[in-house]
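Going line by line, the protein sequences match chains F and Z.
Heads up: the first sequence runs through residues 1 to 353, numbered per our numbering.
Heads up: the second sequence runs through residues 354 to 706, numbered per our numbering.
I should point out that these hints are in silico values taken from the structure, not numbers from a laboratory.
Among these hints, one or two may not hold up.
A few chain F residues that face chain Z, going by a derived Cβ cut-off under 10 angstroms, partial list only [said to hold, decoys possible]:
{"#": "1", "residue": "Ile43"}
{"#": "2", "residue": "Ile60"}
{"#": "3", "residue": "Glu61"}
{"#": "4", "residue": "Ser65"}
{"#": "5", "residue": "Leu89"}
{"#": "6", "residue": "Ala90"}
{"#": "7", "residue": "Asp109"}
{"#": "8", "residue": "Phe111"}
{"#": "9", "residue": "Phe114"}
{"#": "10", "residue": "Asn205"}
{"#": "11", "residue": "Ala262"}
The list that follows gives simulated cross-link-like pairs (lysine-lysine, DSSO-like), each with its CA atoms no further than 27 angstroms apart [what the hints assert, rightly or not]:
{"#": "12", "chain 1": "F", "residue 1": "Lys105", "chain 2": "Z", "residue 2": "Lys703"}
{"#": "13", "chain 1": "Z", "residue 1": "Lys694", "chain 2": "Z", "residue 2": "Lys446"}
{"#": "14", "chain 1": "F", "residue 1": "Lys341", "chain 2": "Z", "residue 2": "Lys465"}
{"#": "15", "chain 1": "Z", "residue 1": "Lys362", "chain 2": "F", "residue 2": "Lys350"}
{"#": "16", "chain 1": "F", "residue 1": "Lys275", "chain 2": "F", "residue 2": "Lys258"}
{"#": "17", "chain 1": "F", "residue 1": "Lys105", "chain 2": "Z", "residue 2": "Lys479"}
{"#": "18", "chain 1": "F", "residue 1": "Lys126", "chain 2": "F", "residue 2": "Lys194"}
{"#": "19", "chain 1": "Z", "residue 1": "Lys363", "chain 2": "F", "residue 2": "Lys112"}
{"#": "20", "chain 1": "Z", "residue 1": "Lys694", "chain 2": "Z", "residue 2": "Lys628"}
{"#": "21", "chain 1": "F", "residue 1": "Lys112", "chain 2": "Z", "residue 2": "Lys446"}
{"#": "22", "chain 1": "Z", "residue 1": "Lys703", "chain 2": "Z", "residue 2": "Lys355"}
{"#": "23", "chain 1": "Z", "residue 1": "Lys384", "chain 2": "F", "residue 2": "Lys93"}
{"#": "24", "chain 1": "F", "residue 1": "Lys107", "chain 2": "Z", "residue 2": "Lys446"}
{"#": "25", "chain 1": "F", "residue 1": "Lys314", "chain 2": "Z", "residue 2": "Lys355"}
{"#": "26", "chain 1": "Z", "residue 1": "Lys588", "chain 2": "F", "residue 2": "Lys235"}
{"#": "27", "chain 1": "Z", "residue 1": "Lys355", "chain 2": "F", "residue 2": "Lys107"}
{"#": "28", "chain 1": "Z", "residue 1": "Lys628", "chain 2": "Z", "residue 2": "Lys446"}
{"#": "29", "chain 1": "Z", "residue 1": "Lys694", "chain 2": "F", "residue 2": "Lys350"}
{"#": "30", "chain 1": "F", "residue 1": "Lys19", "chain 2": "Z", "residue 2": "Lys441"}
{"#": "31", "chain 1": "F", "residue 1": "Lys19", "chain 2": "Z", "residue 2": "Lys628"}
{"#": "32", "chain 1": "Z", "residue 1": "Lys355", "chain 2": "F", "residue 2": "Lys350"}
Ideal Cβ placement from N, Cα and C applies to all residues, glycine included.
Protein chains: 2
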Amino acid sequence: MKINTIIGKKDFIEYLRGKSATFILSLSSTKTDEIDGLSQAGIPGKLYLTPTLDAEFLAIEEVRSMPQIASTPNNVPTPALISRAIHKLAPFKNLEFLDLGVEVKPKIDYFKIFDFGINRSGDITKGAGIEAESIFQKGVEFGKNYKTNSDYVILAETIPSGTTTAYATAKALGYDVDNKFSSSYKDAPNTLKKEVVNRAINNLNSKELFDILAQVSDNMIIFNAGLILGFAYHKTPLILAGGTQMAAVLLTVNSILKEMKADFDSSFLALSTTKWVAKDRNSDIKSLLEMLDFEINAYYSDFDFSTSNHPALKLYDEGEAKEGVGAGGALVYGAINGIDKINIIKEIEKFLH
Amino acid sequence: MKINTIIGKKDFIEYLRGKSATFILSLSSTKTDEIDGLSQAGIPGKLYLTPTLDAEFLAIEEVRSMPQIASTPNNVPTPALISRAIHKLAPFKNLEFLDLGVEVKPKIDYFKIFDFGINRSGDITKGAGIEAESIFQKGVEFGKNYKTNSDYVILAETIPSGTTTAYATAKALGYDVDNKFSSSYKDAPNTLKKEVVNRAINNLNSKELFDILAQVSDNMIIFNAGLILGFAYHKTPLILAGGTQMAAVLLTVNSILKEMKADFDSSFLALSTTKWVAKDRNSDIKSLLEMLDFEINAYYSDFDFSTSNHPALKLYDEGEAKEGVGAGGALVYGAINGIDKINIIKEIEKFLH
């Protein structure tokens, strides 16, 4: 499996080859996912369950909070399958979970699930109602005090309709990002997305950074922006495992740094995503990353399902789902730990029988 | 390779996926192994050597205390081959040895061999003559003070005729265990075993717990019961790697706890065995574990030799040997470290040329 560089230098990821990683999955949920047709990341009407099911499947290969794993109405299976397959072939040293506001806690024992007393956020067209500054500070504190027995950390997310809140966040912060955010749909509902985002932004009643985040963002973005700045204290290497949503986290960090007029040594930081995001014609992660005032390394693995015959998996190559549950970061981790494409596909196919 | 749950929840073993393990092999010997036809775990007349040879083979893939590795008269090779194969494919972080009374010390340098001044125990039909309370206390102290740089510990055993002393121990402690203990033979010598056990129990001259253990048990069971209670002080995750003998260790712990009227949080504890034990028709490990008053997680991997053509290995699938030298625990460890069946079989076949 090959790793390609989207931006930056390959040295960062090569340095991590063979080192041990902790995989942290942020679970979050926004009522924005109740807007019809915006996201297909889960069971219609029950998208709020997707992060819970993803966490259960990743940890124990079983879903306990629903009779089946999250898949779209078109039967596109969750990218949790990809991350789980990697965890079986070249296990992460630790799997940990951040509860950033889910309705249903994953039913798993032994695993660390960090609880911050954060609630599910609201629909951004009605004002998300997030305690943004407090959640950001919780992220900073967590990141600053975070201790691990592994060499680096992979930070992933699962939050349905997260690309819409990410798009709204970046646009509201003043970045020129129309048509740059990806979607879990092959045929991205761009008109609807733009309309939702514009409606959210038109409702804004403040120009203060944290007021903006409170109204149009989501818990995942705000908390992890804090986490990143917390990690800057000890500089444990950190890979954001995700696509344009993780780019929005970085743009949020960028805006906060500007406001604080703070210096930032980003050398500990990178982003890893899938080929489906990196090559997506309906979005542009590279251009989002180029908007940052600090340097960033970003990668994708060349993994795809071209050698699989499974129709549900082929949908990924056609542009459905694309990324999530850290699939891109897991694949890049797999690549620097000697795992090859054939075996990953074999493992994933086993999940689907 | 798949892991199946015998009892408890899969969460414990999933939590350990990718984490590092120390493999501790308890070496012990009882003169009970001199009863003709009771055990086939080694060279007839020299069964006392088996633990020594197993330790040497596991550590250095060579036997120094005999010209050949331990195998049965039917040429069933020792399960040490399985544990050694796993150690080559996904090495344990540490291999350590407990000398719980062997005649001949393994001839290996560098490796830690803990010496407790324990002698080989006697034939249970004549009173085993074990300093049970002292050995138990040594186990508690060792377990309590045990420090490791790995994430968890796998505790294995090698003691010929150990299923008979295990059966005697559990029965003498008052558990209803007839026909529940396994055997290294495909055609278990049940009549002989029962006769030996009943003879041992009829000779008992006390109803005190440690007197019973002193007369009908073995050093492995008594010491490791203490070790487990010692581990409860720090709760380092501990996997008992073995079949019905390890179940007898747990039943002994259960009896001691009852006598002490002590609470016990067993959440750090599990058992892993082979498919040959888990599916054995002549024994019943699940029902042994169900007799415990505390919760226990127990697993087996679905490893077998069905894809091997080697006649000596096929004997395992027919029911010979079944378990020992931590084979079941090693296989479950292999499964949570990305090792597959084909490669394990390849390694084992190499040992046999």
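Cross-check of the supplied hints:
1. Ile43: 24 angstroms, violated
2. Ile60: 5 angstroms, holds
3. Glu61: Constraint on Glu61 (chain F) satisfied, holds at 8 angstroms.
4. Ser65: 14 angstroms, violated
5. Leu89: Nearest chain Z Cβ about 5 angstroms off; hint holds.
6. Ala90: Since chain Z brings a Cβ to about 6 angstroms from Ala90 (chain F), closer than 10 angstroms, the hint holds.
7. Asp109: 4 angstroms, holds
8. Phe111: 6 angstroms, holds
9. Phe114: Because about 15 angstroms separates Phe114 (chain F) from the closest Cβ in chain Z, which is outside the 10 angstroms limit, the hint is violated.
10. Asn205: Since chain Z brings no Cβ nearer than about 46 angstroms to Asn205 (chain F), farther than 10 angstroms, the hint is violated.
11. Ala262: Since the shortest Cβ distance to chain Z is 36 angstroms, the answer is violated.
12. F:Lys105 x Z:Lys703: 48 angstroms, violated
13. Z:Lys694 x Z:Lys446: 21 angstroms, holds
14. F:Lys341 x Z:Lys465: 40 angstroms, violated
15. Z:Lys362 x F:Lys350: Holds, because 22 angstroms separates the two Cα atoms, which is no more than 27 angstroms.
16. F:Lys275 x F:Lys258: 31 angstroms, violated
17. F:Lys105 x Z:Lys479: Roughly 58 angstroms separates the two Cα atoms, so the pair is violated.
18. F:Lys126 x F:Lys194: 15 angstroms, holds
19. Z:Lys363 x F:Lys112: It holds: about 16 angstroms lies between the C-alpha atoms, which stays within 27 angstroms.
20. Z:Lys694 x Z:Lys628: Satisfied, since the Cα-Cα distance of roughly 13 angstroms is no more than 27 angstroms.
21. F:Lys112 x Z:Lys446: 23 angstroms, holds
22. Z:Lys703 x Z:Lys355: 23 angstroms, holds
23. Z:Lys384 x F:Lys93: Not satisfied, since the Cα-Cα distance of roughly 43 angstroms exceeds 27 angstroms.
24. F:Lys107 x Z:Lys446: 31 angstroms, violated
25. F:Lys314 x Z:Lys355: 26 angstroms, holds
26. Z:Lys588 x F:Lys235: Distance ~31 angstroms between Lys588 (chain Z) and Lys235 (chain F) Cα, so the pair is violated.
27. Z:Lys355 x F:Lys107: Satisfied, since the Cα-Cα distance of roughly 21 angstroms is no more than 27 angstroms.
28. Z:Lys628 x Z:Lys446: 25 angstroms, holds
29. Z:Lys694 x F:Lys350: 15 angstroms, holds
30. F:Lys19 x Z:Lys441: 20 angstroms, holds
31. F:Lys19 x Z:Lys628: 33 angstroms, violated
32. Z:Lys355 x F:Lys350: Roughly 11 angstroms separates the two Cα atoms, so the pair holds.
Checked against the numbered hints above, the structure violates hints 1, 4, 9, 10, 11, 12, 14, 16, 17, 23, 24, 26, 31; every other hint is satisfied.
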